[in-house]
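Participant: Listed below, chain by chain, are the residues.
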Amino acid sequence: MSEAPAAPRTASADPARADGIGLLVRPPQPRAGWRVLPARVVAMCAVELQKLRHDRTELYTRAVQPALWLLIFGQTFTRIRAIPTGGIPYIDFMAPGIIAQSAMFIAIFYGIQIIWERDVGVLNKLLVTPTPRSALVTGKAFAAGVKSLIQAVVVIVIAALLGVALTWNPLRLLGVAAAVVLGSAFFSCLSMTIAGIVLNRDRLMGIGQAITMPLFFASNALYPVAVMPAWLQAVSRANPLSYQVDALRGLLLGTPAHLAADFAVLTVAAALGITAASGLLGRLAR
Amino acid sequence: MTRHAGTAPADDAVTCTRLAYAFGGTKAVDGLDLSVRRGEVFGLLGPNGAGKTTAIRCITTLLPVPSGMVRVFGHDAARDRMAVRRLLGYVPQQLSADAALTGRENVTLFARVFDVPRRERAARVAQALAAVGLSDAADRLANTYSGGMVRRLELAQALVSAPRLLILDEPTIGLDPIARSGVWEHIDTVRAATGMTVLVTTHYMDEADQYCDRVGLMHRGRIRALGTPAELCQGLGERRRAQGAPATDPSPTLEDVFRDVAGSGLDDSSGDFRDVRSTRRTAHRLG
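Protein chains in written order, with our numbering: chain A, 1 to 286; chain B, 1001 to 1287.
One thing to keep in mind: the hints can contain errors.
To be verified - Which bits of chain B does chain A cover? Going by a derived footprint, with three or more residues having C-beta under 8 Å, they are: (1) 1061–1070; (2) 1079–1087; (3) 1100–1107; (4) 1160–1172; (5) 1189–1203.
Quick caveat, the hints were computed from the structure, so don't treat them as lab data.
Model, not experiment: these values are computed from the prediction.
Beta carbons are placed, not taken as given, at the ideal position from N, Cα and C, and that holds for glycine.
Bound conformation, chain B alone:
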């Protein structure tokens, strides 16, 4: 079929065309069109159950692509999985470092499975750990790390293979504000140095506003609004004024935009059971 040909510039980092994925009768992703440009930080926003994680899992090749098309730097995520995986760094929603290993061993494992040659393995692992500020804690077991440190360790695991696309699923969920900004600052620094593309999901609108170049508001399996945070807020403000709102109204926030897009349907959506459990577990592990 030709429906995806020519619709997206060939140099986009990620292109989803009419991506759909259903769990049983539940349409988690329902005709998602998405393009992430090279080098940008793209935020996929939405409440639990909006389909963000499912979309991410299709892009990372964890789930098949039953309908539609997903391309990562031009590679078909359904057919050319190995090529896609070589370009990806992935940090899942749960805190997923191996607690029985040291920080350095955790990163070394990922250097090995991404075929980093032995002669540069130690140096690369050390650089990845330094890039997230964990050099001093590198030889401690990960079970002694705080939640923010585990997140940064996972970032180092993802960075050691020099990914062109870093995918972060709710990277700051359950973290305290200082740890949250710490994680974001490290993402920012590494991106500035490497020029990689970042695709991040979150439901913290303030983070999206501050750190994302562009955001897509996702609701019920589809992108409902797309643009820079400023564009979206400005657009809503103009629409409201056109509808007769007084000019003295405070300018809308990203959260207002989201409420506008999602309407009243917000309360009936909830993450699937495993999402809730893993979030709880994360909260539990963080104490």
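Looking at chain A on its own, in the form it has when it is part of the complex:
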């Protein structure tokens, strides 16, 4: 194996090693309290970006579904004109919904990664670093956000290629990024919370499958809230995905939206998610 030839080389490198260890005797200075959280978020996001750089397969395979939704569902319903969209082509109307959906799919299976990290011991190692649990969960939540954001860029490009009239105003796009990251932070925390309860990859997979479609259909992603039956409207109002789609639609298409309320709900939902997942993280450590 590769181990055997490596052994003599390291032994002969001894002198170089001895004088090259100077930094390893001095413990690093702890960061001031308020700087710990952003530093951990950056650390977790950096890991996510490094992983995406090494392996982009997931990025491509996950682009297939949203492409099909836009191409088949979007083009067909644009022709049928069955859904009232406020005067814009249906494919334009649904594009923000599909962006939100593909971001949510990534986030909602993020808990699987936590369970994997727990099973191989990575999570335990992170928990033995000077990282409060809430900072670890926040870092993971934003890392999921970064992953979703890159996915969203792919879907936006597909939508633009299919002729959806999207904004290119950089400020609005910044708002889009914020909405995607906040929504994904919530859904990944939902996933990590469930992970902390079921503690098992297969069960989490099953629950993830079971809730993604209901969350998607009980939102304004495919049709406006106004055409829903009353009970579904109530569900949609409690569904953070609806607020995310509303914000994305308003920012990308310029349709009337309730941006302040949308961002308030997304922020509060993400904060609640982080609190819940942090509280349950200890169960994964046992």
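Chain A is already provided as a structure; the job is to place chain B on it using the hints.
Facilitator: Quick look at chain B alone, frame taken from chain A:
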């Protein structure tokens, strides 16, 4: 309460006083008293299920301390967790490097979460990788590493924050003999250079004999014998001769000491299910 005050010298690296931890009705750790001196390599030995890993997890703050007291360089592991964690380097039982990252990225993550400032991050990571002999493989994905290399990578991850206490849980489990001695040699070299304390669990008596300054034999949640490997073997030999064993008997090994301590209770103890699974997984990953 005052039961721990004055019982341990203030300058010990680790002090456990009547530490107890139970999973449901199973007492994994049952009144453990332990002190690890600064700068020594202390081996916690025992069969699966002796409570070694549970004790380690209490010391590393992964588990709460429901009963008793754990101090790491004077910091209470139950209350002052962040201070304890800053002093620790921890290598768990499983091979736990992130296979989707390169060796360098794996170590950089730990430099970041231990607040290594950006200006010295790259240099520190390079030194940690060099210290375990992984400089040449640093930019390969960890999924191309052999088991021994992953273990050394984990060592680099733990060393990058200049820990004062390195905790290794079964560091050589599942490794071939060459990889095993490789891991130990790197631990030894770094310890000699940094003066850090090492707390290691193992059930390989030969390794404990060769590399540990002092060992504690743990059985059923408690330390049953404590001393240098030579002291323990000599003590058993003297006791046997006092009981009438002929002087021509071969001098006892650490394993004999262990059998003497644990008596016949060895076979009914077994690790919990997750231990067994993770050991199997480790074996599987190593091929």
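Participant: The structure should be examined with respect to each hint, and the outcome stated for every one.
Facilitator: For each hint, the structure was consulted:
1. 1061–1070: Three-residue rule met by the region 1061–1070 of chain B, so holds; n is 3.
2. 1079–1087: Held - the region 1079–1087 of chain B has 4 residues with a Cβ nearer than 8 Å to chain A, which meets the minimum of three.
3. 1100–1107: holds (count 4)
4. 1160–1172: holds (count 5)
5. 1189–1203: Result for this restraint: holds, n = 5.
In terms of the numbered hints stated before, the structure departs from none.
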